[in-house]
Amino acid sequence: MKGVIYLAWKYLSYHRWKTITLAATITLMLFIPAAMQILIEQTSQQLKARAVNTPLLIGARGSPLELVLNSLYLEAKSPTPLTYEEVIRLRKKDSTQAIPLHVRFRAQGAPIVGTELAYFDYRKLTIIQGRQLAQLGDAIVGANVASRLDLQVGDTVISSPESAFDLSGVYPLKMPVVGILTANNSPDDNAIFVDVKTTWVIAGIGHGHQDLTRPEAVAKVLTQSATNNGTNVVANASLIEFNEITDSNRNSFHFHGNATSHPLTAIIPVPNSQKDTVILQGRYQSRSDNVQIVRPQQVMNELIKTIFTVKQYVLAAMLILGISTMLVVVFVFLLSLRLRKREMETLMRIGGGKNVIAAMVIAEVLVVITISLLLAFLLTWGTQHWGSNLVQTLLVT
Amino acid sequence: MIAIHDLKFDYSNNDSVADFGLRIKKLKIAKAQQVAIVGPSGSGKSTLLNLIAGIFTATSGTIDVNSHRVSELNDKARRIFRLKQIGMVFQNFELLDYLSVADNILLPYYLDKEASNCSIAELQARVELLVTEMGIGDKLQRTIICLSQGERQRVAICRALLLEPSLILADEPTGNLDPSNTDKVLDLLLEYSKRHQATLLTVTHDQRLLPQFSRVIDMSNLWAAPAAREDI
Chain C
61 MKGVIYLAWK YLSYHRWKTI TLAATITLML FIPAAMQILI EQTSQQLKAR AVNTPLLIGA
121 RGSPLELVLN SLYLEAKSPT PLTYEEVIRL RKKDSTQAIP LHVRFRAQGA PIVGTELAYF
181 DYRKLTIIQG RQLAQLGDAI VGANVASRLD LQVGDTVISS PESAFDLSGV YPLKMPVVGI
241 LTANNSPDDN AIFVDVKTTW VIAGIGHGHQ DLTRPEAVAK VLTQSATNNG TNVVANASLI
301 EFNEITDSNR NSFHFHGNAT SHPLTAIIPV PNSQKDTVIL QGRYQSRSDN VQIVRPQQVM
361 NELIKTIFTV KQYVLAAMLI LGISTMLVVV FVFLLSLRLR KREMETLMRI GGGKNVIAAM
421 VIAEVLVVIT ISLLLAFLLT WGTQHWGSNL VQTLLVT
Chain P
7 MIAIHDLKFD YSNNDSVADF GLRIKKLKIA KAQQVAIVGP SGSGKSTLLN LIAGIFTATS
67 GTIDVNSHRV SELNDKARRI FRLKQIGMVF QNFELLDYLS VADNILLPYY LDKEASNCSI
127 AELQARVELL VTEMGIGDKL QRTIICLSQG ERQRVAICRA LLLEPSLILA DEPTGNLDPS
187 NTDKVLDLLL EYSKRHQATL LTVTHDQRLL PQFSRVIDMS NLWAAPAARE DI
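Chains as they are written, first to last, in our numbering: chain C, 61 to 457; chain P, 7 to 238.
A couple of the hints might just be wrong.
Said to hold, decoys possible - Chain P residues, not near chain C, derived (Cβ > 10 Å throughout):
(1) Ala-38
(2) Asn-56
(3) Gly-156
To be verified - Dumping the calculated DSS-like pairs for lysine-lysine here, alpha-carbon to alpha-carbon at most 27 Å:
(4) P:Lys-190 with C:Lys-414
(5) C:Lys-184 with C:Lys-257
(6) P:Lys-90 with P:Lys-37
(7) P:Lys-90 with P:Lys-190
(8) P:Lys-82 with C:Lys-62
(9) C:Lys-401 with P:Lys-90
(10) C:Lys-365 with C:Lys-137
(11) C:Lys-257 with C:Lys-153
(12) P:Lys-145 with P:Lys-82
(13) P:Lys-190 with P:Lys-145
(14) C:Lys-70 with C:Lys-401
(15) P:Lys-119 with C:Lys-401
(16) C:Lys-137 with C:Lys-257
(17) C:Lys-414 with P:Lys-90
(18) C:Lys-257 with C:Lys-152
(19) P:Lys-90 with C:Lys-70
(20) P:Lys-34 with C:Lys-414
(21) P:Lys-190 with C:Lys-62
(22) C:Lys-70 with P:Lys-82
(23) P:Lys-119 with P:Lys-145
(24) P:Lys-14 with P:Lys-37
(25) C:Lys-414 with C:Lys-108
(26) P:Lys-119 with P:Lys-90
(27) P:Lys-32 with P:Lys-90
(28) C:Lys-280 with C:Lys-234
(29) P:Lys-200 with P:Lys-34
(30) P:Lys-90 with P:Lys-200
(31) C:Lys-414 with P:Lys-119
(32) C:Lys-62 with P:Lys-37
(33) P:Lys-82 with C:Lys-401
(34) C:Lys-70 with C:Lys-414
(35) P:Lys-82 with P:Lys-34
(36) P:Lys-37 with P:Lys-82
(37) C:Lys-70 with P:Lys-119
(38) C:Lys-62 with P:Lys-119
(39) C:Lys-78 with C:Lys-62
(40) P:Lys-145 with C:Lys-70
I should point out that these hints are in silico values taken from the structure, not numbers from a laboratory. Each residue gets a CB set at the ideal place from its N, CA and C atoms; glycine is no exception.
With the rest of the complex left out, here is chain C:
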């Protein structure tokens, strides 16, 4: 039997490209459906896990899915904004901790998350290098961002303009990196965190510029008039606005308008108990204004249900594809046997029995199938173990 296996192996290794092609075909036929199953399973688990950890989310009325994807996974376009007034209302009237989120801008491909320090405690994010956010303009980067952009504490990140053609739009803001987060295998690894006020500066709601009351700025002043709140100064276009917040210009930064009207993309309420959660949900559901409360878990379950429905169709298509691939593989084997008819005849004439020759062919088939099974198993095992990271990359890149 060893001799037969040796002959089979020799045949397969001599015709290595044919063997590799066949083995690869069978491997992919087995691996792709298995990998898809695993990846969908892991994706849904990861999507669910983040949603489970965020029982409630408040945002402006609109697509709940868009709100959840933007706030939890830091993806999708930013939803319709609501105002900071809602945070104050939650804290004062509902006695609920409220974490503001402003996820609208990006810097070098990473989302900029404007929030408050409570977010880091809520998500259990720790600093591995540097310090926490302390001043306007400070930035903390997620582990993947630091690694991808090779950022260290002391480097800077620059916010990206939303549109290159919008001259009156958002101007880039240069922000010093003051800390790097420990990796926690979540979308937070791929984000840049700043104080929510910093995102308002990026949005142009707050800004810093030359002090127009100083003598050297007199040439830039158009009009100056006294008001009840002080002096109202109108400058011309030559006034220099700061695009970086430094120690020397930090005090010049100020916000126009009432802070309660400043925009947020979402609020994460953190009720003290299950009862408070239900009461809060009830209050928001009875409101008729432009604010909604959603249960991210429910929203994600709907999304996952859709994914699983699609998965069933894909699996059915793969089954048909698998059967046709198997038929092609069988056809290749049969064709190969036809082409080797003379070789088989020679083996029989020398003294090889029909069973020996059949064993040789079966051994060839078994070797190819064994290699394919082994490869498919290894790839599936790899997907099982490292697919999670792959899912992360796919989800958040």
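Fit chain P to the supplied structure of chain C, relying on the hints for placement.
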């Protein structure tokens, strides 16, 4: 020794040669005889070799080779008989291109270890000896496509002689060779036959080679003269 009595063979299952049949009343070939079988195409030369080797089975009659009644052996017994007793050489060499020279020669061993009655070490030593005698000692690990036609036929002869057969059946072994390689190959077969007292049956169309054989059987004479066919 080969003895054939009242042999009748028909290609009953093959339409293209349905009208072909072989009839031999009596044929005896002595041990260690070196026989050339000649005759026009289709006269049954190769069929005769295949019947003696037990590849084809006779419709009726008997074939005895070295006290084995080949015509009465079952399929498995004929296969083992072929492996142990017969060395076959073909016109087109019939070597396997996916095996090295060494593995091609060892092919009978790979097909049936028990039938070879030798350990792999003994056989490998025999392979070394054979290839040295054949003048291809430096080509053991080469693949077949790297060899010339003459070298390929010498590899095929080594394969035929590996298990030291008592009967060599060579079906036009020099048919695809140039005159120089033809002489070399035939010399090697005749030399082995003499040295090992092995019977050699060679089908050939090359009249130039006939004087080197101790006996010549003309198949067309067999068919043309029924009286002569009775007892040769």
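A quick look at each hint next to the structure:
1. Ala-38: holds, 22 Å
2. Asn-56: Asn-56 (chain P) not clear of chain C: closest Cβ-Cβ about 8 Å, inside 10 Å.
3. Gly-156: Nearest chain C Cβ is 20 Å from Gly-156 (chain P), so the label holds.
4. P:Lys-190 with C:Lys-414: violated, 35 Å
5. C:Lys-184 with C:Lys-257: holds, 22 Å
6. P:Lys-90 with P:Lys-37: holds, 16 Å
7. P:Lys-90 with P:Lys-190: holds, 26 Å
8. P:Lys-82 with C:Lys-62: Holds. Lys-82 (chain P) to Lys-62 (chain C) sits at ~19 Å (cutoff 27 Å).
9. C:Lys-401 with P:Lys-90: Status holds; Cα separation ~24 Å.
10. C:Lys-365 with C:Lys-137: Answer holds: Lys-365 (chain C) to Lys-137 (chain C) is near 22 Å, not above 27 Å.
11. C:Lys-257 with C:Lys-153: Measuring from Cα to Cα gives roughly 23 Å; hence the hint holds.
12. P:Lys-145 with P:Lys-82: Since the Cα atoms of Lys-145 (chain P) and Lys-82 (chain P) sit roughly 34 Å apart, the hinted pair is violated (cutoff 27 Å).
13. P:Lys-190 with P:Lys-145: Measuring from Cα to Cα gives roughly 17 Å; hence the hint holds.
14. C:Lys-70 with C:Lys-401: The hint holds at about 18 Å.
15. P:Lys-119 with C:Lys-401: holds, 23 Å
16. C:Lys-137 with C:Lys-257: Within the cut-off at roughly 20 Å; holds.
17. C:Lys-414 with P:Lys-90: holds, 17 Å
18. C:Lys-257 with C:Lys-152: holds, 20 Å
19. P:Lys-90 with C:Lys-70: The given pair, whose Cα atoms are some 24 Å apart, holds under the 27 Å limit.
20. P:Lys-34 with C:Lys-414: violated, 31 Å
21. P:Lys-190 with C:Lys-62: violated, 35 Å
22. C:Lys-70 with P:Lys-82: holds, 25 Å
23. P:Lys-119 with P:Lys-145: Holds, at roughly 24 Å.
24. P:Lys-14 with P:Lys-37: Given that 27 Å is the threshold and the Cα spacing comes to 23 Å, the pair holds.
25. C:Lys-414 with C:Lys-108: violated, 59 Å
26. P:Lys-119 with P:Lys-90: Roughly 11 Å between the alpha carbons, so the hint for Lys-119 (chain P) and Lys-90 (chain P) holds.
27. P:Lys-32 with P:Lys-90: Roughly 25 Å separates the two Cα atoms, so the pair holds.
28. C:Lys-280 with C:Lys-234: Status holds; Cα separation ~25 Å.
29. P:Lys-200 with P:Lys-34: holds, 19 Å
30. P:Lys-90 with P:Lys-200: Roughly 19 Å separates the two Cα atoms, so the pair holds.
31. C:Lys-414 with P:Lys-119: holds, 16 Å
32. C:Lys-62 with P:Lys-37: Violated, because 36 Å separates the two Cα atoms, which is more than 27 Å.
33. P:Lys-82 with C:Lys-401: holds, 20 Å
34. C:Lys-70 with C:Lys-414: Distance ~19 Å between Lys-70 (chain C) and Lys-414 (chain C) Cα, so the pair holds.
35. P:Lys-82 with P:Lys-34: holds, 25 Å
36. P:Lys-37 with P:Lys-82: Holds. Lys-37 (chain P) to Lys-82 (chain P) sits at ~25 Å (cutoff 27 Å).
37. C:Lys-70 with P:Lys-119: Since the Cα atoms of Lys-70 (chain C) and Lys-119 (chain P) sit roughly 17 Å apart, the hinted pair holds (cutoff 27 Å).
38. C:Lys-62 with P:Lys-119: holds, 9 Å
39. C:Lys-78 with C:Lys-62: Measuring from Cα to Cα gives roughly 23 Å; hence the hint holds.
40. P:Lys-145 with C:Lys-70: holds, 18 Å
Checked against the numbered hints given earlier, the structure breaks hints 2, 4, 12, 20, 21, 25, 32 and satisfies all the rest.
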